[in-house]
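Engineer: As you go down the protein sequences, you meet chains A and B in turn.
Counting from 1, one number per residue, gives the positions in the first sequence under our numbering.
Counting from 186, one number per residue, gives the positions in the second sequence under our numbering.
Hints should not be assumed to be uniformly reliable.
Now the stretches of chain B that chain A is said to cover, found in silico as 3 or more residues with beta-carbon under 8 Å [as the list claims (entries may be wrong)]:
1) 227-240
2) 279-289
3) 507-513
Just so you know, these hints were derived from the structure itself, not from any lab.
For each residue, glycine too, the CB sits at the ideal point set by N, CA and C.
Read off the chains here:
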Amino acid sequence: MAPSTSSTVTLNINGEKHTLSVDHRTTLLDALRERLDLTGTKKGCDHGQCGACTVLVDGRRTVSCLQLAVASDQREVTTVEGLADGDRLHPVQQAFLDLDGFQCGYCTPGQICSAVAVIEEHAAGWPSAVTGDVSPEAGPPPLTPEEIRERMSGNLCRCSAYVQIVEAVSRAAAENRTGTEEAAA
Amino acid sequence: MREFDYRRADDVSGAVALLGDDPDARYLGGGTNLVDLMKNGVERPARLVDVRGLPLDRIEPAGDGGLRIGATVTNSDLAAHPGVRRNYPALTQAVLAGASGQLRNMATVGGNLLQRTRCGYFTDVTKPCNKRRPGSGCPAVEGEHHNHAILGASDHCVAVHPSDMGVALTAFDAVVTYRTADGEGELPLADFYLPVGDTPHRETALPPGALVTGVTLPPAPVAARSRYRKVRERASYAFAIGSVAAALDVGGGVVREARLAFGAVASRPWRARAAEAVLNGAPATAEFFAAAADAELAAARPLPDNGYKVTLMRNLVVAVLSELAEEAAR
Numbered sequence: 001m002a003p004s005t006s007s008t009v010t011l012n013i014n015g016e017k018h019t020l021s022v023d024h025r026t027t028l029l030d031a032l033r034e035r036l037d038l039t040g041t042k043k044g045c046d047h048g049q050c051g052a053c054t055v056l057v058d059g060r061r062t063v064s065c066l067q068l069a070v071a072s073d074q075r076e077v078t079t080v081e082g083l084a085d086g087d088r089l090h091p092v093q094q095a096f097l098d099l100d101g102f103q104c105g106y107c108t109p110g111q112i113c114s115a116v117a118v119i120e121e122h123a124a125g126w127p128s129a130v131t132g133d134v135s136p137e138a139g140p141p142p143l144t145p146e147e148i149r150e151r152m153s154g155n156l157c158r159c160s161a162y163v164q165i166v167e168a169v170s171r172a173a174a175e176n177r178t179g180t181e182e183a184a185a
Numbered sequence: 186m187r188e189f190d191y192r193r194a195d196d197v198s199g200a201v202a203l204l205g206d207d208p209d210a211r212y213l214g215g216g217t218n219l220v221d222l223m224k225n226g227v228e229r230p231a232r233l234v235d236v237r238g239l240p241l242d243r244i245e246p247a248g249d250g251g252l253r254i255g256a257t258v259t260n261s262d263l264a265a266h267p268g269v270r271r272n273y274p275a276l277t278q279a280v281l282a283g284a285s286g287q288l289r290n291m292a293t294v295g296g297n298l299l300q301r302t303r304c305g306y307f308t309d310v311t312k313p314c315n316k317r318r319p320g321s322g323c324p325a326v327e328g329e330h331h332n333h334a335i336l337g338a339s340d341h342c343v344a345v346h347p348s349d350m351g352v353a354l355t356a357f358d359a360v361v362t363y364r365t366a367d368g369e370g371e372l373p374l375a376d377f378y379l380p381v382g383d384t385p386h387r388e389t390a391l392p393p394g395a396l397v398t399g400v401t402l403p404p405a406p407v408a409a410r411s412r413y414r415k416v417r418e419r420a421s422y423a424f425a426i427g428s429v430a431a432a433l434d435v436g437g438g439v440v441r442e443a444r445l446a447f448g449a450v451a452s453r454p455w456r457a458r459a460a461e462a463v464l465n466g467a468p469a470t471a472e473f474f475a476a477a478a479d480a481e482l483a484a485a486r487p488l489p490d491n492g493y494k495v496t497l498m499r500n501l502v503v504a505v506l507s508e509l510a511e512e513a514a515r
C-alpha cells in the first residue's frame, strides 16, 4: 500500500455517525471543533496539560488534543453536547449550574466530562493517589473532597472555581449513588 | 507537524512488519507523549504504526505467582487491577501518582517505559541537546537543572527519566518482552535502559524495530508490603522531583528482605542496590535506613542547583522504610 497522509474515518459522536476524510495530523479535538462544528469541547493548552478538551472515548475520559482523529476510527465519542437527555441536563451539568462550578466557563465542558467519568471510575472501585489502602479488600474509598480534588486534578481552572467544582462533583456523585440504590431496590 | 502515513496493525507480527527497518517510523500507543513531541517538532515520523488495538491488553497470572502485563494495558487498568493492588501495591500507587485520570486512560505500559525525558532543552527544538541532536551540547549542565539527575549522569546529558510506573517495576525485577522480525526477546528492566555515557541519544537496549509486547512481574512476596512516595512541586498532576518505591519484609526487628528504587534522580528508574545491601539483615531502625540511603547516595554527583535532591532522597528513604517497618510491627 502506497503511503498516504489522509484517511476516511467514521466517528460515532453522541450517538450519531460521522464519516469524514482527515489529514492524519488532525487531532480528535480539531476534528470535533473545526470539521463537525461541535465547539463545546475547548482547546486550552493543546498539549494534554489542562484538560479543557476532555471528552469520553468508549466511555473513558480522554484529552482529545492528544488523540489523533485517525486513531479514533469507529470509536464512541461523547462530548459535552451529548450529556443531556433532551432538555434535561445531566446531573453533573445541573450541579455545576446550581453550585456555581465555574466563572468564565472555558474549562467547564472539560470539567463536566471529566467529572462524569470520575463518578463512574469511583463507582467501579478505582483507587486514587490519595487512597490510603489500595488493596481490593479495603473497598472503594469514600468520595471525600480530597479524593475529588485528586481525581479532578487533570482539569485546570484559571478562574480557580475549584471550591464550587468539588461541591458540584460531590453532589452529583451522591445523586448517582442514590439513583443506583433506588434502581436496585 | 510533518505529514505522515498511518497504519493500524492487527497482530504483533503484522505491526513489526509494518514498521520494518524504517528509522522514520514509530509505533503509536496511547500517543500521550509521542503526539505531543510531534507537535513540538521533536519527533518527525514519516509513518505511524498504531498498536493500540493489538491483543496485548490483558493482565494474566504468570503461572509461578507473578503477573504478565500486556504492553497495551492502559495505566488506568494496570492501577485498578486487583492482583496488582493486592500483591504489588507500590505499582498501583506509582501509576496513580503519574499524570491525570485522562492521560492514564490513554497511556499504555509499553509507552510508559519508552516515554522521553521532559527536560526543557530536549523538548525545545531551538536549543542544543545531545539526546535530540547528538554532539550539539547540553545546556542543562550550566543552565536550568534543578530537576535533573544526581546519579548516573554524564557531562553529555543530565536528564531524568520521568516514569513513576517504571520505578516500581524496577524495584520488583520486571522483565520486558519484545518482538522483532527475528522473533521474541526479553530484557530485564535493569538492563533495558543504557548508561548515559557519551551516547544519551541511545536510550534502550531494544534492537531496532522491536515492539515491546509486555512486562512480566516475577513473584515477589516482599512486594505485598510496599509503598510508592512521590515528591513534586504541586500536590498532584506533576512530574516527580524525587520518588521512592520500597518494599520491606521484617521479622524480629530485622530486615529479611528490602527492595528500593528511586525516581527522578537518573536517566532511568534507579534500583538502589547499595542501599538494599546495607538493609538486608540489618535492624529495621531509622538509623540503618539512613545508613542505607547514604550508601546509595554516596555516588551522587549533584549539580549546583539540584543538591537538594540528595537530602530529599535520604529523607524519603527513611520516612517510607520507617512507615513500612511500623506497619510490619503492628
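Engineer: Among the hints numbered above, which are violated by the structure, and what are their numbers in rising order?
Structural biologist: Per hint list: single violation, 3.
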